[in-house]
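Asks: Protein chains in written order, with the working numbering: chain V, 1 to 247; chain Z, 1001 to 1137.
Possibly wrong hints are sitting among the right ones.
In silico BS3-like cross-links for lysine-lysine, where the CA-CA straight-line distance does not exceed 27 Å [as the list claims (entries may be wrong)]:
(1) K1108/Z <-> K43/V
(2) K217/V <-> K1025/Z
(3) K1108/Z <-> K213/V
(4) K1025/Z <-> K194/V
Chain V residues, not near chain Z, derived (Cβ > 12 Å throughout) [claimed, not checked]:
(5) D3
(6) P85
(7) P87
(8) L113
(9) S114
(10) G131
(11) D138
(12) G188
Derived list of chain V stretches under chain Z, where covered just means 3 residues or more per stretch with a C-beta under 8 Å from a C-beta of chain Z [what the hints assert, rightly or not]:
(13) 95-102
(14) 203-212
(15) 218-228
Just so you know, these hints were derived from the structure itself, not from any lab.
Just so you know, even glycine gets a beta-carbon here, dropped at the ideal spot from N, CA and C.
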Amino acid sequence: MADRIVLEVARYRPEAEAEPTLQRYEVPFRKDWVILDGLNHIKDHLDGTLAYRWSCRMGVCGSCGMTVNGEPKLTCATFLSDYAPGPVRVEPLRNFPIIRDVIVDIGDFMKKLSAVKPWIIRDSEKPLAEGEYRQTPDELDHYKQYSMCINCMLCYAACPVYGLDPEFLGPAAIALGQRYNLDSRDQGARERHKILSKHDGIWSCTFVGECTKVCPKNVDPAGAIQRYKLTSALEWVKDFVMPWRGQ
Amino acid sequence: MSDSGYREFRPRWYRPRMSTWWWLKRWSSLAFILRELSSIFVAWFVVFFLILVGALGRGGHGYHEFLSWAASPSIVILNAVSLAFIVFHAITWFNLAPQAMVVRLGGKRVPAALIAGANYGAWVVTSAIVAWLIVGG
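Next comes chain V alone, as it looks inside the complex (with noise of 0.2 Å):
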């Protein structure tokens, strides 16, 4: 076994070049090594400029998400050993804008997770006195797939529509709407539906599902967005056949 292995990382410096690069640096291969520790190896002792976001190391924060040999993945949860014997390319995220080597821009998706309102609403609070609102383990179950998103992207880095529309909602936004639409506690789903339902919004995906695919966490926004098509369809006839609802 080869005792060192190449990243590609791509590096893209506004103050000097018009567009990103990529530089070759040699690391140790180690089995237990996964891409970030490369990286991070690189940071210390090889290239102290080289800019990139993470903070766990264990699947849990979603800030290390890069594009690895031309796919999302999370470079923590993402063995060296997976790409031998190399070269690994490591490029930002795709469909974001990139402000520095492999860091992009998350402030669309930032706004558009806020638009969905991902927290329970409710239309009046209980009193405290009358204890907290109380869950069955099969409620539980209908949104607890959606409630292990870790806003990570490569959801969105993965979809072709956001892609070519900056303007779609996108997969985790969408499946995280859906987390609180399927909880028993919450009492916003007509609210989330607006935003939802609009054309940027689950209309504008066409179900190529690879957002599902490359999903760190088996969260399914795909399965997400058809299950709310559904539901908003559904809406859709309940509003036509009977308008004074929601007024």
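Got chain V sorted already, so can you dock chain Z onto it with the hints?
Replies: Leaving out everything else, chain Z in the frame of chain V:
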């Protein structure tokens, strides 16, 4: 996305453009585009069926004219290609059905294989009934 706002530390974004040929780079993307394209052939089969109904409405002579037109090589080739696309259309959508349909029975989610299987089963049964009507009925 807004370009306005604080810019001192964001001197210049680089915005990569998606290639027009993005769908040729991966088999899954190509399969998606072919699935979308297959809708045209589904529409053609509907048109073909409507032409058949129109020909039947014109009586025996019209029907025989339709049959000889439908047997012309160009129409046979078009229909053979359409059939291939429609089979692809059906299979890809049936495989995707479990993602879009969440059926719960007795508090448990019905397994994906069962939902896809039910779609395939309905397809086989419907095809068998149509075949029986045409050949045996």
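Asks: Return the numbers of the hints above that this structure violates; sort them in rising order.
Replies: 1, 4, 11
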